[in-house]
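> Spelled out, the chains give:
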Amino acid sequence: MKKNLLVMMLVFLLAILAACAPDRAEETTPDDAGEDGTEEVTEEAKPEKLVIWEDIDKSKDWLPAAIASFEEEHGIEVEFKELNMADKIRDQLRLDGPSGSAPDVVTLPHDQIGQVVIEGLIQEITVDETVLETYSESSVTAQMYDGKLYGLPKATETPVLIYNKELMEEAPKTMDELYAFSKDFTKGDNYGFLALWDNFYFAHGAIAGMGGYVFNEAAEGLDRDDIGLNNEGAVEGAAYIQQWYQEGLFPKGIIGESGGAAMDGLFNEGKVAAVMNGPWAFQGMRDAGIDIGIVPMPTLPNGEPVKTFMGVKGWHVTEFTKNPYWATKLIEHLSNDENSKARFVAVSEIPANVALVDDPIIADNEGAKAVAVQSQYAVPMPNIPEMAEVWGPMATALQTLATGKAQPQEALDEAVKSITTNIETNHPDK
Amino acid sequence: MDNLQTTTNHKRNALLLSIIPGLGQFYNKQLLKGLIFLIFSSSFGFVFFEMIGEGFWGIVTLGEIPKLDHSVFLLIDGIIAIIITIMGLAIYAFNLYDAHQNGKRRDLGIAVNSVRKQYHNLIDNGFPYLMITPGFFLLIFVVIFPILFVLLLAFTNYDLYHSPPNNLVDWIGFQNFVDIFRLDIWRTTFFAVLAWTIVWTFGATTLQVALGIFLAILVNQKDLKGKAIIRTIMILPWAVPAFITILIFSGMFNETFGVINRTILPFLGMEGIPWMTNEMWTRLALIMIQTWLGFPFIFAMTTGVLQSIPDELYEAATVDGASIMQKFFSITLPLVIFATAPILITQYTFNFNNFNVIFLFNGGGPAIPGQNAGGTDILISWIYRLTMTSAQYGKAAAVTMILSIIVISVALWQFKRTKSFQEEDMM
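Taken in sequence, the protein lines are chains A and B.
So that you can map any letter, position 171 of the first sequence is 171 in my numbering, and since no number is skipped, the others follow by simple counting.
So that you can map any letter, position 391 of the second sequence is 391 in my numbering, and since no number is skipped, the others follow by simple counting.
If we strip away everything but chain B, and leave its shape as in the complex, we get (with noise of 0.2 angstroms):
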């Protein structure tokens, strides 16, 4: 529409010019612009083109020449190469858009943003932006550059009998998967350690929630007295280390030797419990203890939560002629759910690879005959028991895959679904 009102055609010949990064803005008599534009892409080609040929040529082949071609290192460069042309792209694409963009403002007749004003609008609009930028780049190393490794990892036959430098990695497709579910001995310890897990998750989980909020809701009771301390004494186990609260309490657990199989029982007048070979109480022992370990964070979360809820609520409901149950799931519950829900997602997911607290009180233990998992095995001890005593890199990082596309699927669904990510306020 614009081009029918103009006579002059600035936004193409910028746009095309801009094929070579700067010339554009050179067409378009931003001189500095378009020097910064040239010296960074010439710099970017210069510096980054042999890197990001041998990285594109490495993640295709994975190496031609074992020992001298080492696929895991070319995988990483590889990803590296993909990820600096991401980046090169954008900054063309930029360099483009720019182009076009300041040709149509000529075209239109508008004058172009002198070298002040460009950098007044860099720094009023581009601000954020700016700052981001160091965190950002951090991040995509940091986070996205393992992630894509395990990703791509997943589609190798990366084990030890295809290990650089004697070996080479190769591309194997959806092997891994096929395999964990069509290899009797995969599938039936697959699904004997997700049910377990999913299990583990929502027990565990929902134990230490629950009992965080009932305790936080009884210490404040507005007539107790010595909240002060009570509230402190609620959120020790918090304040101890887990990996020692977890050791000490298998020791405790000891079958013979643990305090509570030969006192507290005793002194209950019951028999001594298998806790740590009979997989049934090795987990309601785990549940037990990570319950312990997880509601003081609940307790005191709820707490604070607890404490802007205003009184006039409660006030008005008993004018209605509220029961107290009435109240709790009314107000109390409603609105702590709210200010919590995305908290309580993340401590389910949190569970879910709860690697501490199953690897240090049991090793995933007791063994259990025909499976090569313990009983208490999760996901992530497993894969942790496939990796170190089998080299079985490649299907550890499929079955990682799997976990995460579950724990992502769920954590997303959950998100979307809580009403704190879609409203901005309750009350």
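In isolation and in its complexed conformation, chain A is listed as follows (with noise of 0.2 angstroms):
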């Protein structure tokens, strides 16, 4: 009687499974036919409405009045919701898209382009060269991904030195001129200066001005086979970067993951006389009632520039928009000097316009204008996926530098090791 059950339950399964594979490959066919119509149908035709994710609280006071005269405009209703730029709009486009509830219109860091662009969450994009002139060179650079682009900057940021003028009368031109004067006012909890060295997006800084580079610039886009980390140049940074802790200017209080924190509240507090930070610090030191100056960062002792990571952030059409026309329409509107600059008097994220940065708005603030200047100097953070093998061990190795445990030349021959074997190992040719 058990055997003729599990016959029985085994030809039940079995007619099961063999009634799936028609079903599924009909409604396949219809599907694809119907997706491709469409989209060429619908190239020009208006749709009655776009969705926009905005980044978190970033939307106040002047998205509202660029939808108007959007929909002023063309017509076309649209719609806007916030998200949390940094995880949340990936994760959820990740999700919604397949669905079939994404937005038509996303920002995004561009650090995450690469990756965004091989999982196929947003496309490329077509616009006059007329429009791409009106921002900055480097910004549209990190827009780009194998030679396309794929989006259109909202807004850059980079590093740049910030002082407390109850300390520092006037802002050094030169690192040496900041080293002198740290070893002088660097007593017991005093610091003449902190930058959080140990982590790679400020160390880039020194060791691209000393002549290292992450990614070797190629005809189509970053070479990920060369990399420039254990370059003489980069050796010299490297060790420059360690002048700083070996000497105690840098204590080690403010290395690893909690170092920030601890760098902060040290500023906060009014012990520290100048920091290495972002424009989003700003505010919260101004809070903290400090008197603070914000200037570029000095040059080097070998007379270039403190080559920053620059960020970019873009507007993106969504892979899953059925207007990407339109779509493309949309972001073209909403990075345009006009909105820019109304979002930068809103949000005080400096815009990449090169038609802003001569405006009385930005050339008055000192914060803007001194993140425009070292923005020329800065380096777009590669946006290749490979870029995410890079951080870990170059944490790794500043960090044994810091703490002395490693020297600059095996520390960074170790740490391109590490990152090449994780290339290949995680990144396979395409």
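Keep in mind that the hints were calculated from the coordinates and are not lab data.
Please note that the accuracy of each hint is not assured.
For lysine-lysine, the following DSS-like pairs were computed, each having C-alpha atoms within a straight-line distance of at most 27 angstroms [what the hints assert, rightly or not]: (1) K369/A x K60/A; (2) K46/A x K322/A; (3) K49/A x K81/A; (4) K271/A x K165/A; (5) K322/A x K58/A; (6) K67/B x K329/A; (7) K165/A x K329/A; (8) K117/B x K88/A; (9) K183/A x K271/A; (10) K67/B x K46/A; (11) K148/A x K165/A; (12) K67/B x K81/A; (13) K148/A x K227/B; (14) K81/A x K60/A; (15) K67/B x K49/A; (16) K67/B x K322/A; (17) K49/A x K322/A.
Some chain A residues judged to face chain B by a derived CB distance under 10 angstroms, without partners named [said to hold, decoys possible]: (18) S99; (19) E119; (20) K405.
Nothing here was measured: the structure is a model prediction, and the numbers come from that model.
C-beta atoms are modelled at their ideal positions from N, C-alpha and C, and glycine is treated no differently.
Make the complex out of the two chains shown on their own, each in a separate frame, by following the hints.
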């Protein structure tokens, strides 16, 4: 009896399995055709509405007005929603895209572009050359991946020198000056200058300024096989970084995960004369009652500027939009000079528009001006996904340098070795 | 054997008829039940047929056309289809079994239950099942489903370059497991992390358990005054949310500005210790913090057990001339361990996967040259790194599987060995 039962169950199961395959095949073909068809038809046809995902707390006071003018001009309704840009927008897009509730336009930090392009979450856009000319060249480069344009720049940020006006009368022009000042000023709990140089994001400035680079530029974007993090310049930069730690100018307490919090705390207590930090830190320092001055980073001992990493936030058209044409028009509209200016006034993020650099509203703003000037020397963070393998090993190298456990050359050789191995393991050749 | 005594063969007939659910019950003249079976199974088939079919197709192929087929969603649909199929088969099997049983009753000349009697039967015998059914269904989708998902993911090549919607995920068999043990960077890191995970699990847990039991016995001494206040204080570390405690400790252990290096150690005449930048010291600090976080629970539990140990045992031991140590090792400790063993085991498994304290204290750091995990990364925090920075979802799932197998087998072995699971009563 039992055998019979089993046989019957198997028959039942097979019947189901046999029934399924054609079922599915029939479904895929019309679906496929349908999608292609609609895309061609709607190329120029106006959709009823477009949806934008903007960073959290970054839409107040400017986006409604920008949307209103777009609606007036084109008669397309636009809705927006706020989501955390650092990870939430990407994660949500992964889920909402395939299920059909994806937005048409999103904002992302540019170092995620490579990853989301490979996953197929955003699409290439085509805009007029005249549109591209309104943004700084480096910010447009940051939006390119594999030689194709994937978005328009919304805002840029890069670390600058922030100093406490009560402790430092005049901002130094060179790092040597700052070093001399620091030697003199650093005593007990007081520090002349602090920077999180065990974190590659900040350390890159010194390393690149001395001649190091992450991935070399190639014809079609960045060459992942040409890593310049253990070349002569990089080693010099690392030695320069190590010097600050070795001579006790940087305390051990600002090394590691919680180092940033320790440094901010010290600065806000008025114990640090100057720090290297990004524009996101300005407000907190002012709130702490510190009278801050903001200038571009001083030049390195070799006369070169500190080549900080630049982050570019951009507007992107999602892969899932049914109206790429109008979505592109929308992001052109959102990042035009007028709206970028309104956005800067509202949220203080520095736009990438060339015309706005000399606009009094930015030129007269100490922080914005310093960031804008520093951006000229800054290098956009590599946006290829291989970059994910760089942060960890470089942090390891810099940390062991900072704690004196390793020497520059060997630490960087070790880092480059693990970066290369990780890239080979996790990123197979295309 | 029954066959020999009966002339009719309702049993077989009913079973065969039940291939179409309900017919066997009709044959047995149980109209209502048959109707329920018929309606239930036909609607089940009607509703789920297409879904199950697509699900099976999806889980076998994981999609064929990039951008149109979303491999991960297909995998999920496939798992749901499997779960639903198993449920359907269970109902179907029950239908066959029921027809067969009732046929047998008729063969033996026993009257088939009336509707009323069936209802009473259901309420009397089936009540517990009826009650646990909703919870059981919830369990299937909240617990079993994710486990199956990770299990299957470990056998795919799901990573950044095989991410939907642009690309398809494929089945790759045991490749992930092979890679973990074959590729240098994975192997060295895996074993380094595994070694520390084991040291961490045994070190931290044993310390917290030992401290908890020790303090509980100390505070439980008869002559001690102010037990209530002492116990309250002992419970306090447990009352503060763990993540706050960890973050505060992280600040206290800061090498330059932390109160430990700055005030406490100099007071004791010691030099500052590199808590955050030397992995041995970070490990020591972590074990101490976990002991602090974990002992109150053991303390509270042991206190409860101690109070239930009858005084007569100790009195008898005293009469027999036992020393204090003998009393402790022959009466107190065995009874405490006996009563708390299952919970002690869960403490070990908990620490094996104790992500919070590792991640919040120093983010798995300090960095160690030559491996892609930090010096205090345990397996679970390393997996987090793998998925978050390198998008190696398939590999992370494989490591998760290995990790689960270790935890489950140790826990099972321990549970089976523990007396509290074998004997009803020890005293």
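> All the hints need checking, so say for each whether the structure fits it.
Hint check results:
For the suggested pair K369/A and K60/A, the alpha carbons sit about 23 angstroms apart, so the restraint of at most 27 angstroms is met. About 10 angstroms separates the Cα atoms of K46/A and K322/A, which keeps this hinted pair within 27 angstroms; it holds. Simply put, K49/A and K81/A have alpha-carbon atoms about 13 angstroms apart, close enough for the 27 angstroms limit, and the pair holds. Proximity of K271/A to K165/A is assessed by CA-CA distance (about 12 angstroms); at most 27 angstroms being required, the pair is judged to hold.
Taken as a hint, the K322/A and K58/A pair is honoured in the structure, with Cα atoms around 26 angstroms apart against an allowance of 27 angstroms. Proximity of K67/B to K329/A is assessed by CA-CA distance (about 25 angstroms); at most 27 angstroms being required, the pair is judged to hold. A hinted pair counts as satisfied when its Cα atoms are at most 27 angstroms apart, and K165/A with K329/A does not qualify at roughly 45 angstroms. Note on K117/B and K88/A: the hinted pairing is violated, with a Cα-Cα distance of about 57 angstroms set against a maximum of 27 angstroms.
About 15 angstroms separates the Cα atoms of K183/A and K271/A, which keeps this hinted pair within 27 angstroms; it holds. The hinted pair formed by K67/B and K46/A meets the criterion: a straight-line CA distance of about 25 angstroms does not exceed 27 angstroms. With a C-alpha separation of about 45 angstroms, the suggested pairing of K148/A with K165/A is violated against the 27 angstroms cut-off. For the proposed pair K67/B and K81/A, the alpha carbon gap of about 25 angstroms is at most 27 angstroms, so the pair holds.
With a C-alpha separation of about 73 angstroms, the suggested pairing of K148/A with K227/B is violated against the 27 angstroms cut-off. Between K81/A and K60/A the CA atoms are separated by roughly 11 angstroms; this keeps the pair inside 27 angstroms, and the hint holds. Restraint check for K67/B and K49/A: the C-alpha separation of about 24 angstroms stays at or below 27 angstroms, so the hint holds. Among the hinted pairs, K67/B with K322/A is consistent with the structure: their alpha-carbon atoms are about 14 angstroms apart, no more than 27 angstroms.
Under the criterion of a C-alpha separation no larger than 27 angstroms, the hint pairing K49/A with K322/A is consistent with the structure, at around 11 angstroms. The beta carbon of S99/A comes within 8 angstroms of a beta carbon in chain B, closer than 10 angstroms, and the hint placing it at the interface holds. Nearest Cβ of chain B to the Cβ of E119/A: about 4 angstroms, under the 10 angstroms cut. The hint holds. Because the smallest distance between the Cβ of K405/A and any Cβ of chain B comes to about 8 angstroms, under 10 angstroms, the interface hint for this residue holds.
Hints 7, 8, 11 and 13, counting from the list given before, are not met by this structure.
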